[in-house]
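Keeping their order, the protein sequence lines are chains P and H. Residue 7 is where the first sequence starts when you use this note's numbering, and the numbers rise one by one after that. Residue 7 is where the second sequence starts when you use this note's numbering, and the numbers rise one by one after that.
There's no promise every hint is true.
[As the list claims (entries may be wrong)] Coverage of chain P stretches by chain H, computed from C-beta distances (three or more under 8 Å per stretch; other residues unrestricted):
no.: 1; region: 32-44
no.: 2; region: 191-199
no.: 3; region: 209-222
no.: 4; region: 235-247
[Unchecked claim] List time: in silico SDA-like cross-link candidates among lysine to any residue, alpha-carbon distance up to 20 Å:
no.: 5; chain 1: P; residue 1: Lys195; chain 2: H; residue 2: Arg132
no.: 6; chain 1: P; residue 1: Lys80; chain 2: H; residue 2: Glu193
no.: 7; chain 1: H; residue 1: Lys100; chain 2: H; residue 2: Val330
no.: 8; chain 1: H; residue 1: Lys80; chain 2: P; residue 2: Thr197
no.: 9; chain 1: H; residue 1: Lys57; chain 2: H; residue 2: Ala76
no.: 10; chain 1: H; residue 1: Lys257; chain 2: P; residue 2: Leu271
no.: 11; chain 1: P; residue 1: Lys257; chain 2: H; residue 2: Lys100
no.: 12; chain 1: H; residue 1: Lys261; chain 2: P; residue 2: Leu253
no.: 13; chain 1: P; residue 1: Lys257; chain 2: H; residue 2: Leu271
no.: 14; chain 1: H; residue 1: Lys257; chain 2: P; residue 2: Leu253
no.: 15; chain 1: P; residue 1: Lys257; chain 2: H; residue 2: Val330
no.: 16; chain 1: P; residue 1: Lys257; chain 2: H; residue 2: Gly143
no.: 17; chain 1: P; residue 1: Lys257; chain 2: H; residue 2: Ser225
no.: 18; chain 1: H; residue 1: Lys257; chain 2: P; residue 2: Gln201
no.: 19; chain 1: H; residue 1: Lys261; chain 2: P; residue 2: Arg274
no.: 20; chain 1: P; residue 1: Lys57; chain 2: P; residue 2: Met77
no.: 21; chain 1: H; residue 1: Lys80; chain 2: P; residue 2: Gln201
no.: 22; chain 1: H; residue 1: Lys100; chain 2: H; residue 2: Asp327
no.: 23; chain 1: P; residue 1: Lys195; chain 2: H; residue 2: Asn78
Simulated from the structure, these hints should not be mistaken for laboratory data. Yeah, the Cβ is synthetic: ideal placement off N, Cα and C, and Gly gets one too.
Number of protein chains: 2
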Amino acid sequence: MTLEKSFIALDAMGGDHAPEPIVAGALDAVRLDARCVALFGRREALEPLLKGVDYPKDRLTITHCPDLVAMNAKPAQAMRQSESSMARTFRAVKDGQAIAGVSAGNSGATMALALRHLGRIRGVTRPAICLTLPGLGGPRLLLDAGANARCSAEMLVEFALMARCFSSAVHGVETPRIALLCNGEEEGKGTELTQATFELLNSTNLNFVGYCEGSDIFSEAFDVIVTDGFTGNVALKTIEGTGRFILGQLKAEIKGSLMARVGALFARGAFGALKDTMDPSQYGGAPLLGLNAPAIIAHGSSDALAIRSACRVAAQCASQDLSVQIEGAISALTA
Amino acid sequence: MTLEKSFIALDAMGGDHAPEPIVAGALDAVRLDARCVALFGRREALEPLLKGVDYPKDRLTITHCPDLVAMNAKPAQAMRQSESSMARTFRAVKDGQAIAGVSAGNSGATMALALRHLGRIRGVTRPAICLTLPGLGGPRLLLDAGANARCSAEMLVEFALMARCFSSAVHGVETPRIALLCNGEEEGKGTELTQATFELLNSTNLNFVGYCEGSDIFSEAFDVIVTDGFTGNVALKTIEGTGRFILGQLKAEIKGSLMARVGALFARGAFGALKDTMDPSQYGGAPLLGLNAPAIIAHGSSDALAIRSACRVAAQCASQDLSVQIEGAISALTA
Chain P
7 MTLEKSFIAL
17 DAMGGDHAPE
27 PIVAGALDAV
37 RLDARCVALF
47 GRREALEPLL
57 KGVDYPKDRL
67 TITHCPDLVA
77 MNAKPAQAMR
87 QSESSMARTF
97 RAVKDGQAIA
107 GVSAGNSGAT
117 MALALRHLGR
127 IRGVTRPAIC
137 LTLPGLGGPR
147 LLLDAGANAR
157 CSAEMLVEFA
167 LMARCFSSAV
177 HGVETPRIAL
187 LCNGEEEGKG
197 TELTQATFEL
207 LNSTNLNFVG
217 YCEGSDIFSE
227 AFDVIVTDGF
237 TGNVALKTIE
247 GTGRFILGQL
257 KAEIKGSLMA
267 RVGALFARGA
277 FGALKDTMDP
287 SQYGGAPLLG
297 LNAPAIIAHG
307 SSDALAIRSA
317 CRVAAQCASQ
327 DLSVQIEGAI
337 SALTA
Chain H
7 MTLEKSFIAL
17 DAMGGDHAPE
27 PIVAGALDAV
37 RLDARCVALF
47 GRREALEPLL
57 KGVDYPKDRL
67 TITHCPDLVA
77 MNAKPAQAMR
87 QSESSMARTF
97 RAVKDGQAIA
107 GVSAGNSGAT
117 MALALRHLGR
127 IRGVTRPAIC
137 LTLPGLGGPR
147 LLLDAGANAR
157 CSAEMLVEFA
167 LMARCFSSAV
177 HGVETPRIAL
187 LCNGEEEGKG
197 TELTQATFEL
207 LNSTNLNFVG
217 YCEGSDIFSE
227 AFDVIVTDGF
237 TGNVALKTIE
247 GTGRFILGQL
257 KAEIKGSLMA
267 RVGALFARGA
277 FGALKDTMDP
287 SQYGGAPLLG
297 LNAPAIIAHG
307 SSDALAIRSA
317 CRVAAQCASQ
327 DLSVQIEGAI
337 SALTA
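Kindly produce the complete structure, drawing on both the sequences and the hints.
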């Protein structure tokens, strides 16, 4: 599959600050990464953002969709809006006009519409949100980050398998080390779900390395951390909240002291580098793994870099035929 | 109850660096806070640490116990060591020689031995570990932090009730705002457990304010965050791991740049203040709520300040008759 001629469908109206950062990210993807991007959204909102901008017209298109999904809409409501920019984004993938879909809109609606239009891969019980986190030694994946509050052990094994495929295809990790999030490292810890999953993972040919505690999410020892969508969502948001609290406290302390303010000026390079490390923008949103084509859920607060990165991840998933790989791995598992 | 004449039983041999920081903390509690502390441990290890030190002999005693619980011992093994310093610590409380017990040893063993010797409060299904965290607007409680991987909705309501009593008694919060940890704020989010607990909490007279996401653990809006011991343990350790990762990254960035190193020197007051905010030592360990007398599980890495704080929390729980308060609250609930 040659990406040069394949479009990424992008919901230009989804996101807390859409459409400006979405269009800016699309322009970067087109001009800096030579991608083809199909924007879906209100023509009258999008065209002014491209006026006077120099870009290859055949690589960045606008498809007018008057309707949009509100950031606080219920998924059921979004499902009824068949002509929204989000619905059109994923329908374009289904219809073969694009190789992957990206939205920074309402994530519940994105999941519902991506699932409806792209469909589950044969053998996959439920798709999962696969988050990329920074960490010692490189990025790591945490899934399910919130698609399924209730999971079975079989589902967690499927998540592990799908993340293995993604880790290899996008992060280039040959044999990802897979861990199961738990309340302790020793065997016998955990719930019925983690214990059953532990047994099942051990019976597969996955590189399962055992339990991982919350304190070790950032350690060098793991490439993929598997959990149910309830625990994964709590962990992910706890990371966000802890980071915000620590940096907020540090900022307040520095602001309160002249000496520290002078010091922070000198150290701002270090703060900047830390911000980059913690910045989810570079990882480009979370794929909803388990669908027949790539669907990327970008953060609602996505800036241009996040959108550009999401287009990169979408293109990588498509060029590596990730869905086909996942289908093969799942069918080998059940065989 | 006058605390001046009441001893806190302290396992002098429990902790990663015991007995030095334990004895140092006991000395501070005795000399700075006028407490009475009964140390349990090996006389030959403890006496040299007190040699030549000026302290009121009638307020700091040593009870010789030759045996000790290994930091990596299984609870079942610890239960068979009836003469260990840890077992003797909690037996002293049971026998009325002390008003509360504190150990920084093996936390599984501490739970098991505290439960055996102090017994559950009537009406309490299972005791819970109640962690105090820093946050905007003051400390907040997170429980269960790991005692019970499997919980029922009824247990979570008991945890909320016990934490309300502790929050009032120790942190002086008159009507603690109680939240339930979940993967979203909207009703309908969560698992069967959170949904059933949501209903039950709403039917009590507790000041239940709804769901709390992981990102809001540090927010000003909550005094008590209730969850099962699996999720609570993952959240607590994720906070630890995230803090360690962020500060480690910042340190590495600063080390790598001369400019930043100079800056950090000026800003060290700010870093110090942040470290104090995040330092669990000042909160003095986590009480195991639901027993007939106060039992405090101090962190294995406790320093003298952490032990001194644990003695303070133990004394506060005892002086406020926390166990009696909890028993009353539970019986009012079930009535």
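Hint check:
1. 32-44: As far as the region 32-44 of chain P goes, the hint is violated, because 0 residues have Cβ atoms under 8 Å from chain H.
2. 191-199: holds (count 4)
3. 209-222: Holds, because 4 residues of the region 209-222 of chain P bring their Cβ atoms closer than 8 Å to Cβ atoms of chain H.
4. 235-247: holds (count 12)
5. P:Lys195 - H:Arg132: Holds, at about 18 Å.
6. P:Lys80 - H:Glu193: holds (12 Å)
7. H:Lys100 - H:Val330: Given pair Lys100 of chain H, Val330 of chain H holds - Cα atoms ~15 Å apart, limit 20 Å.
8. H:Lys80 - P:Thr197: holds (18 Å)
9. H:Lys57 - H:Ala76: It is violated: about 26 Å lies between the C-alpha atoms, which goes past 20 Å.
10. H:Lys257 - P:Leu271: Since the Cα atoms of Lys257 of chain H and Leu271 of chain P sit roughly 16 Å apart, the hinted pair holds (cutoff 20 Å).
11. P:Lys257 - H:Lys100: violated (48 Å)
12. H:Lys261 - P:Leu253: Given pair Lys261 of chain H, Leu253 of chain P holds - Cα atoms ~19 Å apart, limit 20 Å.
13. P:Lys257 - H:Leu271: holds (16 Å)
14. H:Lys257 - P:Leu253: holds (14 Å)
15. P:Lys257 - H:Val330: violated (43 Å)
16. P:Lys257 - H:Gly143: holds (16 Å)
17. P:Lys257 - H:Ser225: holds (16 Å)
18. H:Lys257 - P:Gln201: violated (38 Å)
19. H:Lys261 - P:Arg274: With Cα atoms ~13 Å apart, Lys261 of chain H and Arg274 of chain P stay inside 20 Å; holds.
20. P:Lys57 - P:Met77: violated (27 Å)
21. H:Lys80 - P:Gln201: Distance of about 19 Å is within 20 Å: holds.
22. H:Lys100 - H:Asp327: holds (15 Å)
23. P:Lys195 - H:Asn78: holds (15 Å)
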